[in-house]
Amino acid sequence: MTEQTWQDEWINEDAWSLSEFANLCCGFEPGSGKSEDEAIAINKATDKINKAVLMEVIPCTDPDDAQDAANRMYGTARYFKSCGVIEWAAGHFRAFPYSVDNLAGNRPVQLPTVADKIAPEVAERLQALCDAALEFFPNGEDGGDKNLVIADWIQQRCDLSDSLAQKAASLIRPNAAKGKTWHDTSSKKR
Numbered sequence: 001m002t003e004q005t006w007q008d009e010w011i012n013e014d015a016w017s018l019s020e021f022a023n024l025c026c027g028f029e030p031g032s033g034k035s036e037d038e039a040i041a042i043n044k045a046t047d048k049i050n051k052a053v054l055m056e057v058i059p060c061t062d063p064d065d066a067q068d069a070a071n072r073m074y075g076t077a078r079y080f081k082s083c084g085v086i087e088w089a090a091g092h093f094r095a096f097p098y099s100v101d102n103l104a105g106n107r108p109v110q111l112p113t114v115a116d117k118i119a120p121e122v123a124e125r126l127q128a129l130c131d132a133a134l135e136f137f138p139n140g141e142d143g144g145d146k147n148l149v150i151a152d153w154i155q156q157r158c159d160l161s162d163s164l165a166q167k168a169a170s171l172i173r174p175n176a177a178k179g180k181t182w183h184d185t186s187s188k189k190r
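Position 146 of the sequence shown, counting from 1, maps to 146 under my numbering, and the rest follow consecutively.
Be a bit skeptical, because a hint or two may be false.
To be verified - Restricting the straight-line Cα-Cα distance to at most 20 angstroms, the calculated cross-link-like pairs of lysine to aspartate or glutamate (EDC-like) are:
| hint | residue 1 | residue 2 |
| --- | --- | --- |
| 1 | K48 | D62 |
| 2 | K81 | E56 |
| 3 | K44 | E29 |
| 4 | K146 | D162 |
| 5 | K81 | D47 |
| 6 | K51 | E87 |
| 7 | K167 | E141 |
Stated by the list, open to error - Distance ranges between label pairs, derived from CB positions:
| hint | residue 1 | residue 2 | range |
| --- | --- | --- | --- |
| 8 | S35 | A119 | 56 to 64 angstroms |
| 9 | Q127 | D65 | 36 to 44 angstroms |
| 10 | E36 | E13 | 23 to 31 angstroms |
| 11 | R94 | K34 | 16 to 24 angstroms |
| 12 | E87 | L54 | 15 to 23 angstroms |
| 13 | N175 | Q7 | 54 to 62 angstroms |
| 14 | N50 | S163 | 46 to 54 angstroms |
Hints in this document: simulated from the structure, not taken from any laboratory.
Even glycine gets a Cβ: it sits at the ideal position worked out from N, Cα and C.
All chains should be built: construct the whole structure from the sequences, respecting the hints.
This is the structure we're talking about:
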C-alpha cells in the first residue's frame, strides 16, 4: 500500500480555507510551523488570493457564521472549492503542488441550469420570448412593431392567453429592458 503524502490528502479536500489555500499556493503543508520567510510568502499569497476574489476571478464562499474577527484573523472566514481554484493557482504560483491533471476524481460538479430546474412548458415559453426578442429586436433597438404583432408571433409558438402574450411582448421591448416602459410614470411631473 502506498503511503499518502500531505499533497495527496489536501487534493481530496472539498474546500480549503483562505489560510489553507494560501499555504498550498506557496507549496507548504497547511497547519505546519512556518519560518519568517514562509510567513511573508503566505501573506503575499493571501493578498493575491483576496485580490482575485475581489475582482471575481476566482469563486469563494464567505459563510455568515464565520465572519467574526477571529475567523478573519486566522484565515477561516473564506472558503474555496478546491476543484474551482486549482487552475488559477497553478497559473499564479510556481510552488503550488497541483495542476488540472490532479482533478481526475475531483472534477467540478455540473450544477443544473435554470432550464433544468423549471418545468418544460415554462422553459418553452421563456425560449419563445427569447426567440421573439431576437426576431423583432435583433440589434437591441425597438423596430416599431406593434405589440399585437409581437404577441401574435409569441402565441403561435406557445400556449398563452391574449393578455399574457401582450404583456410578454411589452416585457421584451428594448425600452422595457432599460426600465423605460410605456406605463412608466416616474418621469411625469406631479
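Keeping to a limit of 20 angstroms between CA atoms, is the pair of K81 and D47 held or broken?
Holds, at about 18 angstroms.
Are R94 and K34 spaced within 16 to 24 angstroms by their CB atoms?
holds (18 angstroms)
With a cut-off of 20 angstroms on the C-alpha distance, tell me whether K146 and D162 pass.
holds (14 angstroms)
For the range 56 to 64 angstroms, tell me whether the beta carbons of S35 and A119 fit it or not.
Since S35 and A119 have Cβ atoms about 59 angstroms apart, the given range 56 to 64 angstroms holds.
Using the C-beta atoms of E87 and L54, is the stated range 15 to 23 angstroms upheld?
holds (19 angstroms)
Keeping to a limit of 20 angstroms between CA atoms, is the pair of K48 and D62 held or broken?
The given pair, whose Cα atoms are some 17 angstroms apart, holds under the 20 angstroms limit.
If I claimed the Cβ atoms of Q127 and D65 lie 36 to 44 angstroms apart, would that claim hold in this structure?
For Q127 and D65 the Cβ distance comes to about 40 angstroms; the hint holds.
So if I understand the rule, the pair passes when the alpha-carbon distance is 20 angstroms or less; does K81 with E56 pass?
holds (14 angstroms)
Hint check: K167 vs E141, CA-CA at most 20 angstroms. Holds or violated?
holds (18 angstroms)
Regarding N50 and S163, is the given constraint of 46 to 54 angstroms on their beta-carbon distance met?
Because 51 angstroms falls inside the window, the suggested range holds.
Would the pair K44 and E29 pass a check requiring their Cα atoms to be no farther apart than 20 angstroms?
holds (16 angstroms)
Does the Cβ-Cβ separation between N175 and Q7 fall within 54 to 62 angstroms?
Cβ of N175 to Cβ of Q7: about 56 angstroms, so the range 54 to 62 angstroms holds.
Checked against the numbered hints given earlier, this structure breaks none of them.
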